[in-house]
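The C-terminal residue of the sequence shown carries number 407 in full-length UniProt numbering, and the numbering is unbroken.
Mixed in with the good hints there might be a few duds.
[Said to hold, decoys possible] Simulated pairs of lysine to aspartate or glutamate, DMTMM-like, Cα-Cα distance not exceeding 20 Å:
hint : residue 1 : residue 2
1    : Lys121    : Asp227
2    : Lys121    : Asp109
3    : Lys265    : Asp91
4    : Lys265    : Asp254
5    : Lys265    : Asp106
6    : Lys265    : Asp213
7    : Lys265    : Asp398
8    : Lys121    : Glu100
9    : Lys265    : Glu215
10   : Lys121    : Asp106
11   : Lys265    : Asp294
[Claimed, not checked] Label-pair restraints from in silico Cβ distances:
hint : residue 1 : residue 2 : range
12   : Ala78     : Thr273    : 26 to 36 Å
13   : Met402    : Arg107    : 30 to 40 Å
14   : Gly159    : Ser90     : 39 to 49 Å
15   : Gln125    : Pro324    : 48 to 58 Å
16   : Ala230    : Val133    : 39 to 49 Å
To be clear, the hints were calculated from the coordinates, so they are not data collected in a lab.
Predicted, not measured: the structure shown is a model, and the values here were computed from it.
Cβ atoms here follow ideal geometry from the backbone N, Cα and C, with glycine treated the same way.
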Amino acid sequence: MADHRHLNRRGVLLGGAAVAGALWTTPAAAATDPDQLFRQGRFDEADRGYARRLRADPGDTHARGQRGYIALLHNRFADVERLLTPLAGSDPVARQRLAESYVRQDRFDRAAPLSEGPLSKVYSQLGPNPWEVLGARRTRVPFLGLDPLPHVAASLDGGPPRPMLIDTYAVLTLHTVEAERLGLRVLATAQGVLGNRPVTLHLGVLGSLRLGDIELRNLPVQWADLDLPALPDGSPPAGVLGTTVLYHLLSTLDYAGGALLLRRKDEPAPYTTNPLPLWLAGDHFPCTLGTLRDYGPRVVTLDTGGVGHGLDTTAEIAERAGIPVDYAHPEQVEGTDVYPIRPDRIALGRAVARNVRGNAVAALWPGLPGPGQSAMFGFDVIANFTHEYFRRFSVTFDYTAMRLSVN
C-alpha cells in the first residue's frame, strides 16, 4: 500500500471547499445541454452551447459566467475579462475568477481590489515587476533524487542551494524553519487546513528564486509548519516548487532523464508525438484527459506529489473501469477505507503505464485529488495521475499553448 501520510497532504488551503458526490452524467443527457457537456469535460462543445444561449438571450448571466470559466480553464485571458467583468460587481464567483485571470498574468494591481483578506494584502505589496524572469533562455536543473518526489537544488534570496520538492499540486511554499532562516516578513496570515488539522499560513514575498541558470524575482510565497516527506538522507526539504512556479516558464519534468528543464515561455516547446489538452482549474490544479483501461478518455487531474503510488480514484470508478479492487486489505485515511488497486493499464494519450500501484477510496473527502474535486471544479474528474505513473516519462506543461506533452 502507498504511504498514506501524504495522500491528503495538499489540504493546505485558504479555506475549505465543500465536496459533494461526483457529478456523473449520461452521454444522452449531454448531447445538447451545455451544462451537461461542461460537467463531462467537453469544454469546447459546452462553450459553443453557451454562446448559442447568449445569442438568444444576451442577459443570460449563467451562460456568460460559464463561458468565462471555460476561458479561464484555457488561459484565454482577454475572453475571461470580456465575459466576467460585467458580472464581477454582483457575482462573487465571477469576481474570484476574474481576479485569478489577473493573477496568472502577474497583474496583481488588478487582482488586489477583486480579492479579499490576506491575498489582497500580499498582491498590493508585490511592486511593479512580480515574477520577473532573469538569466538564461533555458536551463537544465538535475534532480537530486526522484524519491520520495523529484527534488532539485534551489537558491533562495541568493543563499546556498537548498533541496526543494517539485509538486504540481502546490504553490511556492516554504517550511517555517526556512522562512525564518531567510528572515521573510509576514505580510498577512490565513487559516488553512492540512489534512484534518488547522494550520496558520504566513504570506509574504520572496526576493529571488534561482533554478540553474534562470532566476525569478519578487515572488509571492507562503510558509507553514508542514509535514513534508523526508529526503533519502533523512533531512527535510526546504519547501515545495509548485505550479505557480512552473507556469511562469515552459517547464518539463523529465523523470526518465532525471532533470527539471526550464525554458522561457516564448521558446519553442519540445517536439511531441503525444499532445494532450491542458486545463488549469482553481489557482494551481492542472487537468488533462486520461484513460483507465478502456474507460475514457475523461478528465483527470495531474498531481505529481502523491508519494508511493500512481493513481487516485474511487472504488466505484475503479469497478466501472474493470480495475480489481482489493477490498480485503483496506487502510483508514480521514475515517474512510482506502483500498489497494493495481490497474493493468492507465494512460495519458499514448503514454501507457502498466501495473501501477494506486488507491481507490470508499468515499470522498474534501481536497482529495481527482474525483474529490469534481464538485469544487464543477466538472467530473475520474482519477488523479501521480508520481509512480510519471516515472518513465518526460512531461512538459505548456501554459501558453495550454498543451501537455507526455513522452
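Hints versus structure:
1. With a C-alpha separation of about 27 Å, the suggested pair Lys121 and Asp227 falls outside the 20 Å cut-off, and the hint is violated.
2. The straight-line distance between the Cα atoms of Lys121 and Asp109 is roughly 11 Å, inside the 20 Å bound, and the hint therefore holds.
3. Simply put, Lys265 and Asp91 have alpha-carbon atoms about 33 Å apart, too far for the 20 Å limit, and the pair is violated.
4. In summary, the hint linking Lys265 to Asp254 is supported, as the alpha carbons are separated by about 17 Å, within the 20 Å threshold.
5. A threshold of 20 Å between alpha carbons decides the hint, and for Lys265 with Asp106 the separation of about 14 Å falls inside it, so the pair holds.
6. The suggested pairing of Lys265 with Asp213 holds, with an alpha-carbon distance near 15 Å, which does not exceed 20 Å.
7. For the hint linking Lys265 to Asp398, the alpha-carbon distance of about 8 Å falls within 20 Å, and the restraint holds.
8. Only pairs whose Cα atoms come within 20 Å are accepted, and Lys121 paired with Glu100 is accepted, the gap being roughly 15 Å.
9. Between the alpha carbons of Lys265 and Glu215 the distance comes to roughly 14 Å, so the proposed pair stays at or under 20 Å and holds.
10. With a CA separation close to 15 Å, the supplied pair Lys121 and Asp106 stays within the 20 Å bound.
11. For the suggested pair Lys265 and Asp294, the alpha carbons sit about 35 Å apart, so the restraint of at most 20 Å is broken.
12. Taking the beta carbon of each, Ala78 and Thr273 are about 31 Å apart, inside 26 to 36 Å as hinted.
13. Checking the proposed 30 to 40 Å range against Met402 and Arg107 shows it is violated: the Cβ atoms sit about 19 Å from each other.
14. The supplied range of 39 to 49 Å is met by Gly159 and Ser90, whose beta-carbon atoms lie about 47 Å from each other.
15. Distance hint check: the CB atoms of Gln125 and Pro324 are about 53 Å apart, consistent with the given range 48 to 58 Å.
16. The supplied range of 39 to 49 Å is broken by Ala230 and Val133, whose beta-carbon atoms lie about 31 Å from each other.
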